[in-house]
Each structure stands twice: as structure tokens, then as C-alpha cells.
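K.L.:
Using the hints provided, position chain C relative to the given structure of chain Y.
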Amino acid sequence: MAGTPQETIDELAENFALFDEMEDKYGYIVDLGRQMDALPDSEKGDETKVTGCMSQVWIKPTVDDGDPPRLHFRGDSDAFIVKGLIAILLKVYSGRTAEEILSVDPAEMMHRLELENHISPNRRNGLVSMVETIRNYAKRLREKQEA
Amino acid sequence: MTTANAVDRTETATIAPEAPGFDVAAVRADFPILAQTVRGKPLTYLDSGASAQKPKAVIDAITSLYTHDYANVHRGAYSLSEKSTSLYEGSREIARRFINAESTREVVFTKGATEAINLVANTYGRSFLSEGDEVIISELEHHSNIVPWQMLRDEKGLVLKVVPITDDGAFDLEAFKGLLTERTKIVSVAHVSNVLGTVLPVKEITQAAHAVGARVLVDGCQGAVHIPVDVQDLDCDFYVFSGHKLYGPTGVGILYGKEALLDAMPPWQGGGDMIATVTFEKSTWAELPAKFEAGTPPISAAIALGAAMDYVSALGLEKIAAHEHALLNYAQQQLASVEGLTLYGTTPGKCAVMSFTMDCAHPHDIATILDQSGVCIRAGHHCAQPVMERFGVPAMGRASLGMYNTRDDIDRLIKGLGSVRKIFG
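As they're listed, the protein sequences go chains Y and C.
Heads up: the first sequence begins at 1 in full-length UniProt numbering, then just goes up one per residue.
Heads up: the second sequence begins at 1 in full-length UniProt numbering, then just goes up one per residue.
Any given hint could turn out to be false.
Said to hold, decoys possible - Cross-link-like lysine-lysine pairs, in silico, DSS-like; alpha carbons within 27 angstroms at most:
id : chain 1 : residue 1 : chain 2 : residue 2
1  : C       : Lys83     : Y       : Lys25
2  : C       : Lys41     : Y       : Lys25
3  : C       : Lys422    : C       : Lys41
4  : C       : Lys41     : C       : Lys83
5  : C       : Lys161    : C       : Lys177
6  : Y       : Lys44     : Y       : Lys139
7  : C       : Lys422    : Y       : Lys25
8  : C       : Lys203    : C       : Lys41
9  : Y       : Lys91     : Y       : Lys144
10 : C       : Lys56     : C       : Lys111
11 : C       : Lys422    : Y       : Lys91
12 : Y       : Lys91     : Y       : Lys44
Stated by the list, open to error - To list a few chain Y residues with every Cβ distance to chain C over 12 angstroms, as calculated:
id : residue
13 : Lys25
14 : Val82
15 : Gly95
Unchecked claim - Away from chain C, derived, C-beta distances all over 12 angstroms, residues of chain Y:
id : residue
16 : Asp24
17 : Ile29
18 : Asp78
19 : Ala79
20 : Lys83
It should be emphasised that the hints constitute simulated quantities derived from the structure, not laboratory data.
Positions of the beta carbon are idealized from the N, C-alpha and C atoms, including for glycine.
Chain Y on its own, in the form it takes in the complex:
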């Protein structure tokens, strides 16, 4: 995705603002999930599973050999809305450097994308876990770069 994470967040927020009907908004989220290049079943294991989600969620990172290196994520869920939310998160976070990933304020992002309004508190915990997992990968990459 071109531009900074912040520009991606702005773009997504503008898209969400187009929907008046709840059904259309969720239809868009579900479509984003369907279009996502999902993680194959062979890579869904304990190593890629994110804890804290009511439904099952997997996220797998890869690091490219760029300078600085960029983190690429693929994810999946057995629930369609969660899968769509993963797709949204990956638009913001995937293909970014560790610095870019850590520059995003998660609470501000959730607020901008109205994710806190769209998902139940139990589910939101799952989303928070996903973001935490992504940020932890970025922190580890940054430590490795510094070492």
C-alpha cells in the first residue's frame, strides 16, 4: 500500500464514512476479508495463533531483505468480520518498516476507524491482541536492527 500508515488510515476512514447503513458497512468489512490473501491452513498453528480472541485468529509475519527491512503479514480467522478487521489492520501495518509500525497510535487508529464502535468488547480484546502481536514483531525487528 502506497503512502504512510497514517494516509492509509485516513483513506479507510473516508471509505467508512460513505456508508449510512450498518449492513453496507459490514458488507464492506467482510469483502475486505474475502479479498485478502489469507494464510493457508498449513500455516495455521499454535505459533501463528493470537490469544485473546473469541474466534480463532492467526497472523504470520515475514521480513524482507530491504534496507531498512519491511514486515509483511498474512492472517486469517474463522469468523468473517474478524477476517475483515484483520484485512483492515494489515492495510495499515503490512509492508511497513518497524519504525512505521510503531509510529501508529493504536488507540487513535481504532477511534479513527470506529472499530471500537463496531465490535463487541470481547471482540475488541481480540483486536487489541492482534495489534499487540504486530507491534511486538516490530519491536523485535527493531531490537535486531539495533544489535
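P.N.:
Below, chain C alone, put in the same frame as chain Y:
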């Protein structure tokens, strides 16, 4: 305030009675929480199986206790403590009547049904079962009626046997009889399944178990709220239920046990109120039921549970059940019209619990979309993972009815499921 009243009146006018002699509009007016809106939509509460809402009588009992009558129980020589004690013991008498126990000595306040089952496993189970003895449970049990027995099995070297359920969710009585042996010491089964709504034949189960000398515990969490319970008629040895599913507070439950059994059982937790004498060499135990109520009990919750049982009894559990059954029939008809929906648990006479999956969406997707319209259902494994496995699904959605639900609630559920189809189908 004026607006809220106006809304209430409008809503009241649309509610037709489901069963004779049961005024659901008046009942709804007793539950303050139901008057609210969620995202501008009327609250549609279809998760009473997880925890029921509370009538004003229960809320008032708590307020009144703390405003006028509160002190610790069984301790002070002053009048406030006597008042508090008499309300607490009065609630025990209400519970005795509610399940028709012979004596209040057979009614123990616990912190919930889970604790009650653990109490029996840890006292009766530890004292009277030995290696090679058998405990029988069923495939439809809540985790609370599985895990305590597994822990006891591992500690004592017991055998845990599981009665299968049939495709429609029925308890297989013949298979159960085939599992009973001379070594069977405890049979512990639900009165009503929290996922499938199945009513278990607990009287027949008890007769067959007693024939081989086994004791019977009935987990009545979903039973006592839908079916009038008479423990003497059932002849079960233990009956447990929680307060919060019976329109009462959380943090309190009831353990009924036959007096001779409770007498023979050692105490579980030690502390204040459960002793007769204490020296450093030896302590002796208090009489029943205090022997099993160590420490300061959940005083306000126990008293408010009494108010909840009085409220339910005044309406009449038979009438509540008739209302719920009529509504269940309507709901099941409506659900049958939803494309791609599978309902689990279809035994005749089942209680008002409807678990389902849809071919187009995960139960969590369904619950999320319904929540957008103010419709509250449960999604997940319902603390009954073996039931999920039995039907080959990771999770189910569940709508469970209480005394205050109406056709409008069902219609909003069906409309919400229409949105689910539109989004995911």
C-alpha cells in the same frame, strides 16, 4: 421520564399474551433494565440462559437491606444483627419451599452452582469413593458438571463414564442403564441442557441409579428457572442451582442435599460460623447447614435470592413455563424459515433455549451483527465443548428466553438474522 413512560405504554399495547393468566407487559414493567434502548433500538435480551435480568423486587431487597437492616449474620446480640439474620434465614425457608425440601437443614447457601458441585465432589466424593468406583455424567453437561468429577477421578483413581445423547439432543436413558454397575457411586446430570434445552428424565435416572446404590446429583441451573422442582418427588440426593439465572443476584447459589447425607459428609472449607468448638487440639462442627457455610456468607445476595424466588413463585412457575413454551414454539417456527439455519436440540417438551448455526457466517459474526440491532445472544461453546464436538461445530449461537420475552423480541431476532444473510450470504 415522560418519554420513557410513553414508549413503555406503546410497547405494552402491542404485547399479546402467549399464555392465559400471564401478563408479560406487567412483568416487563418490573424489570427496569428492559426499558433501555441500544443504539436507538429497543433492548432485545435473549441471553437469560447465561444470566437473567433482575426484577425491581430483587434490586429493592438489596437496597432495603443495606439501607435499613444490614449487619453480619449469626453473630451480634444486637437487634440489627437479629434482623439481618432473620432475613437471611427467611430466605433459606423460601428456598426450601421453592424446591420442596423437607427441612431448611437441607438447604446450604453457596457462592453458586459451580461451588455446590465442587462441594459435593470434595466432601461426599472424597470421603465415600475409592479407586475403581464409577461416576456417571452425560455428554450434554456444562463444564461445571464435568471438571470437578475429572479432578476427583484423577485424585482417587475413579472411572468417569459418559452417557451419550441422541441426534435430537435427548439423554439416552437405555444407554445410561447399560452403564450402571455395582461400582457406580455417583450419577451427576443436568436437569435441563444449557445448549439444547433438553429436559432430562431425572426421576427415572434417580430410580435406576438408586437401584444400584448410587447417589444422584442434579445440576438444576437451567431447570429451576423453567420447571417447578420438587426434590422429594424427584428423590435426588443433591440438587444445585445458581441465583443469577433465577432472576436473583450473582454470587449465591443453593445446594440441596438429603439431611442424612449432609450429616455424614465432612465439612469442606473451614472457618467461622461452621464450628461448634475450637481448640488448638481439635474443632467440632456446627449443625447443618452451618457446617457447610464457613465465613461470612453472601448475605445480601442470599436475601435478594429469596426475593427473586418469591417473585417467581407469585407469578407461578407453571404460568411462566407456559408463556415460555408458547414463545419457543413461535420462535422455532420463525427460525425454521431462515435459510441455511440449523437448530440443535429438538426434543419434545424442551425448554426455551435455541442453539443454532448458519451456513453463511460464524456464530461470532451473527452475534456481532445482531448486537448492532440491540439483540443480545450468546455465541461460543457455551461451556459445553463436548456438545460442540458431538454436533461437529466449533461454536453455536444461542438465544435463550426468560419470563419477560415477547414475540417482538423474536421478530427482532429474525430480522437481525435476515441482515446476517444479506451481509454474509
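K.L.:
Broken hints, numbered, in rising order?
P.N.:
Violated hints (numbers, rising): 1, 4, 8, 13, 14, 16, 17, 18, 19 and 20; every other hint is consistent with the structure.
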